[in-house]
Every structure is written in structure tokens, then in C-alpha cells.
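**Q** Using the sequences plus the hints, can you model the full thing?
Chains as they are written, first to last, in the working numbering: chain E, 550 to 630; chain W, 22 to 155; chain S, 499 to 765.
To be clear, the hints were calculated from the coordinates, so they are not data collected in a lab.
This one's a predicted model, so the numbers in the text were calculated from it and none came from an experiment.
Built from N, CA and C at the ideal position, the CB exists for glycine as well.
Among the hints, erroneous ones may be present.
Derived DSS-like pairs: lysine-lysine, alpha-carbon spacing no greater than 27 Å straight-line [said to hold, decoys possible]:
hint, chain 1, residue 1, chain 2, residue 2
1, E, K627, S, K502
2, E, K573, S, K502
3, E, K573, E, K627
4, S, K500, E, K573
5, S, K500, E, K627
Covered stretches of chain S (in silico footprint by chain E; criterion: 3 or more residues with CB under 8 Å from a CB of chain E, positions within the stretch not fixed) [unchecked claim]:
hint, segment
6, 654-662
7, 749-760
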Amino acid sequence: MIVTFDIIILVFLVIAAIISLSVKDLLAAAMVFGIYGFLICLLWAEMGAVDVAFTEATVGAGVSTVLIVATILNTRRKSTD
Amino acid sequence: MILTILSVILIVAGLVFFFGAAVGLMRFPDFYSRMHAAGKGDTLSTLLVISGFALYQIRGIHDLSHDWPVLLVVLKLLAIVVFIYLTSPTSTSALADAGWEDGIDPVIEPGRENHLEDDCRRKKTPTAQNPEPL
Amino acid sequence: MKAKIFASIAVAITGAVLLYAVSDFPRFGDPRSPANAGVEGGSPSASLYYIENTYRDTKVPNLVTAILADYRGYDTMFETVVILTAGMSIFAILRVLRRDDAPGAPASAPDSSDHSIDGDHHRIIVATTCRIAAPLIQIFALYVVAHGHHSPGGGFQGGVMLGASFILLALSGSLRDTLVRFSEQQYLRLAFIGILIYAGFGFLPLWVGRNFLDYGALSGLLMTSGEEMARSHSMLGVEIGVAMTVMSIMFAIFANLSTRGRLHGGL
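**A** Printed below as a string of C-alpha cells:
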């Protein structure tokens, strides 16, 4: 566990979360959400929880992004708020 | 010793290409040239860096009957190299194509616009399957 | 606008409370924290017990898998049931089971609508690479499932990767071709068979008068040299069940979401 590395990842996490909440284009928000998942995966791998990081990489960053994109393409792409 | 120097050379070369890709990503004028910088630079630099890691691991093999776990690590790194060599250019191609389908215009030198239109861009016809993006 | 202000106030208050709670946390990896040292340092805590005894009890080096699939097997079984329930609810909400579509709906014209530089070529590049990559991904996923108690991994991760390989095939080629290989009937059956495998490993020890999910009782049935190896091998069986369910449900969710439940056309 390296504290500097942790802080860098956490700062990027907050930035990614804010971007994915504030972007009007939902497809872009889904992509940023994928980045958020990868950052969380990186954080967990760096903290030593390799199993959890593996799950996050496959579920959070891989499949759920695809599912969100599939849903967006079948609904509307613009956010209303 | 030679292996160490070789691996360091490979890794540093990879980092140089990474730097080039990053600079290209920032400075190139349009989507396609940026895609070109990012795709080519990233692929080559990742290959170089991981090959450097593999060489650095080979350094630790003295007696194969004793050091075979290191050989397994080398094989895994080479498998990663092959996989990136397959998938990274494909994803670049898919991204560039998605950009073209979305109607992003490349920056063209003056006087050649019509050629491009005639050569490759077909008329967009929105269908029910691919409706016009909102 | 008003809703936004209220929402941000709520978020700020919740975040402040959470941050306040963080200050009470023990330090990272503190050996004397309640999770690691037990109550008042007296009786050994659960995590200490796992760290000291897992390898002796189960011959499994990866503690995480051993805890998930053996010590806390009941939890994991119902987590898998939760995934199955989620998939089934998406199936129940989205799936259109009528044979004929509404007259207004277009016939599924396969991909004739591209307007790219060189027609179909881009699709060929992506589809060929994905056809090459999918078996590699599946082999790695099977390795993750089978090797889950010696290295990071296990049923969930391997199952998701298997499902993702089918999703990759459906995204790069067409959903129809993928459904020929992995049809709806097959994936629905596999989802339930996975749960039944897990529950079967739970119910078998009852047969010889032991507790539910007490894998040690299976040493006679699995022909292992002792209860430890029986537990290790049962974990592998259980992980395979989990992987089957997760793989099927992931692909079912994708197929239903991307086609609005009609299972033709696709993205």
C-alpha cells in the first residue's frame, strides 16, 4: 500500500464520478463510468484485495458498461436534467 | 548483463513511444489523426515495454529444472503481448470507424475535399435499425 | 432546480456523516482492530481463525475462495440465487414471447445500413478479431474457474468472463449467430443447472447425516484421501455451478436488453 498512489487514484475517482454525473450525453457518462470502474479496480488491486479487483474489472468495468450502453441505445441518449 | 541492458533499452523505447502517443493525442488537429497517434503509439509502446519485462524475467533463469516458474511468467507476458497485438489495432479501427459513422469530418488539405466525398463517403440514410443520433 | 438543491443538500449531509464515521475506523491493516483481533483481544476473531486454519482444514491456499465457497457457502449460494433472480426478472419484464411482431416493426435486415469508408470491411476486421479472441478469453475464464482456489479468481469472475466472451461475439458479429451457438433454451437451462449443482453439493452431506454444505462428508463419494481434499474438490464443483449460472445470466441480460426482448436484430 503506497499512500501517494492511493491519493492519486482517489482524486481521479472523484473526478470521474463528477464527470459521469454531470455529462449530458448518457453514452459519454457510461464510458466515464467504465473508467470509474477501472479506477476502483486499480485501487483494490493496489490495496491487496486481488479477488475483489478481479471481480470489479470483469463486472464493473466490463459487462456493466456494455449493459448500460445497450440500454442507452434502446432508450434515449440525452439526459433531461 | 546484456539481457538487462536490452530490457532497459526496450522499456525506455516503449516509454518514448508512449510519450509520442501522448503528445500526438494532445496536438494533432482532428479525431482521425489523434486516433492514429494513440492507436499506433500505444500498441507499439505496450509491446516494447512488456517484451522488456519478459527479457528482464529471463535474466533470472539459470537452471531450467529449478527456475521453470520464471519461464511460466515469461510465457504469460508473451501471451499478453500476442493478445495486445491482436486486440489493440482492432479497437483503434473500430473506434475510427465509429467516428466516421457518427459523421466526424477529417481535416483535409484544401482542394481535396471533393475527392474524399466522391471516394468514400456514401450518403447517410437513417434507417429504423440505425436511427439518426439525437 | 429545487429538486437539485435538495438533492445536493442530502448528498452533502450524507457525505459529511460518512466522512465523520471514517474517522472512527481502525488504521489499514491494524492487528488490534476488532475485525482482526477479536473482542478485547480475548477470544481469537473469525479472520484470525481463517488465516490460521484454512490451509489445514481445506488444503486451499487462496483464503478468499475458501471462505466464500466453504466457510460462508450458504451466503454464496444465495448470492448466486440473487443473480438468477435478477436475470429472471429482466427476462420477465423485457422478453417478448409473441411469435409475430407488430406490423410497424421492420423486418430484421442484417446490417445493410452501414455507410462507412469501405462498406463491410470494418465489420470483417472486428468480427474476425473477436472470433479469434473469444476462444482465448473462454480458455482463460475456464482457467480462472478451475484455478480459483490457488490464485485470484473463482466462479463469479470466470462466469462473468465466459458470459462476456459470448457478449463480445454478439456485439462484433450478430446476435443471431451467437444465439445459434448458445440458444435461449440452453442458457436458461444452464442457469438453473448451476444453482442445482450448488444446492446438490449442499444436500449430499445431508444424505450421510451431516450438516447442509458440510463438504467434508463427501470424502467417500469423491474418493479423496481425506476430508480436507473433499472440501477442496467440492469447492471446485461449487465454483463450476456458480460459473454456469453467472455466465448464462450475463448473456441473458445482454440479449434481452439489447434487443428489447425480441432476441433478433440487436445493436
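**Q** Now, for every hint given, state plainly whether the structure supports it.
**A** Each hint tested on the structure:
1. Under the criterion of a C-alpha separation no larger than 27 Å, the hint pairing K627/E with K502/S is consistent with the structure, at around 18 Å.
2. Of the pairs offered as hints, the one joining K573/E and K502/S holds, with about 15 Å between alpha carbons and a cut-off of 27 Å not exceeded.
3. For the hint pairing K573/E with K627/E, the CA-to-CA distance comes to about 6 Å; that is within 27 Å, so the pair holds.
4. This hinted pair checks out: K500/S and K573/E have alpha carbons roughly 19 Å apart, not beyond 27 Å.
5. Pair hint K500/S plus K627/E holds up; C-alpha atoms about 21 Å apart against a cutoff of 27 Å.
6. Counting residues of the segment 654-662 of chain S whose beta-carbon sits less than 8 Å from any beta-carbon of chain E gives 6, enough to reach three: the coverage restraint holds.
7. Closer than 8 Å: that is the beta-carbon criterion, and the segment 749-760 of chain S has 5 residues meeting it against chain E, so the requirement of 3 holds.
Going through the hint list in order, the structure satisfies each hint without exception.
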